[in-house]
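In this note's numbering, the protein residues as written are 1 to 200.
Check each hint, because a few of them may be wrong.
Keeping only pairs whose Cα atoms sit at most 25 Å apart, straight-line, the calculated SDA-like set for lysine to any residue is [claimed, not checked]:
| id | residue 1 | residue 2 |
| --- | --- | --- |
| 1 | 153 | 172 |
| 2 | 24 | 59 |
| 3 | 16 | 44 |
| 4 | 16 | 3 |
| 5 | 56 | 34 |
| 6 | 153 | 168 |
| 7 | 6 | 38 |
| 8 | 24 | 52 |
| 9 | 159 | 146 |
| 10 | 56 | 9 |
| 11 | 161 | 140 |
| 12 | 24 | 8 |
| 13 | 164 | 142 |
| 14 | 127 | 139 |
| 15 | 159 | 178 |
| 16 | 162 | 151 |
| 17 | 189 | 167 |
| 18 | 134 | 153 |
| 19 | 141 | 164 |
| 20 | 56 | 31 |
| 21 | 56 | 110 |
| 22 | 161 | 172 |
| 23 | 56 | 41 |
| 24 | 153 | 142 |
| 25 | 168 | 182 |
| 26 | 153 | 166 |
| 27 | 164 | 177 |
| 28 | 127 | 153 |
| 29 | 134 | 122 |
Treat the hints as calculated values from the structure; they're not laboratory data.
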Amino acid sequence: MTPLLKLPGVGPALAKALHDHGIKSVEDLAAQTDEALIAIPGLGVGRIARLRAGIKGLSSSGAGRGAPAGAVRKPRAAKSGVAKRAATSVGETVKAVAAVPPVVQAREGVDSAIAAAEAARLAAEEKAAKAEAKAAKAARKAKALMAEFAAAKVKAKSKAKKEKGKAKSDIAKEKAKEKKILEEKSDTKKKKKKKVKKAK
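I would like the entire structure built from these sequences, with the hints used as guidance.
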């Protein structure tokens, strides 16, 4: 039974989560299906693929180390050939598994990018609608102000005309009054002169 912490990519937190789900060793982990592993918090498709690659790496390196301590050494060339084959098979497995996560990550990245773009589009549409409504409101307000200004202008013009007419009539009245007063004064002077002449 190989402890979970010996598996590359498994830290104390993940080991605890696996223990909580009844997985106590690397062998238990290898026996689980991907569907069962996805249910464990902290495990996604990419991480499961990396763990599977790590398990294969451990089992192939464990097979290479499995010779008893007292065994006779094989010739150097034979040993390097076995090591090369094991390394090649492990390397191919790691490459094959490593090729999967980028695709999954790329898909997840594309999905998140699409979601972000969609959210940005909706936000932009909402902003544009608000701006359009604001512009329409401003246009209505400007139109109302223009109408109000035009009405005020007409009113002011008519008031000025009335004031001008009233001022003219007031001036004419004052002139008439003044004329009348002057006439009355001249009449009284004439009468006084006549009286003075009569008295002589």
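Status of the hints after comparison with the structure:
no.	hint	result
1	153 <-> 172	28 Å, violated
2	24 <-> 59	17 Å, holds
3	16 <-> 44	16 Å, holds
4	16 <-> 3	12 Å, holds
5	56 <-> 34	15 Å, holds
6	153 <-> 168	22 Å, holds
7	6 <-> 38	21 Å, holds
8	24 <-> 52	16 Å, holds
9	159 <-> 146	20 Å, holds
10	56 <-> 9	13 Å, holds
11	161 <-> 140	32 Å, violated
12	24 <-> 8	15 Å, holds
13	164 <-> 142	32 Å, violated
14	127 <-> 139	18 Å, holds
15	159 <-> 178	28 Å, violated
16	162 <-> 151	17 Å, holds
17	189 <-> 167	33 Å, violated
18	134 <-> 153	28 Å, violated
19	141 <-> 164	34 Å, violated
20	56 <-> 31	12 Å, holds
21	56 <-> 110	30 Å, violated
22	161 <-> 172	17 Å, holds
23	56 <-> 41	23 Å, holds
24	153 <-> 142	16 Å, holds
25	168 <-> 182	21 Å, holds
26	153 <-> 166	20 Å, holds
27	164 <-> 177	20 Å, holds
28	127 <-> 153	38 Å, violated
29	134 <-> 122	18 Å, holds
In summary, the numbered hints that this structure violates are 1, 11, 13, 15, 17, 18, 19, 21 and 28.
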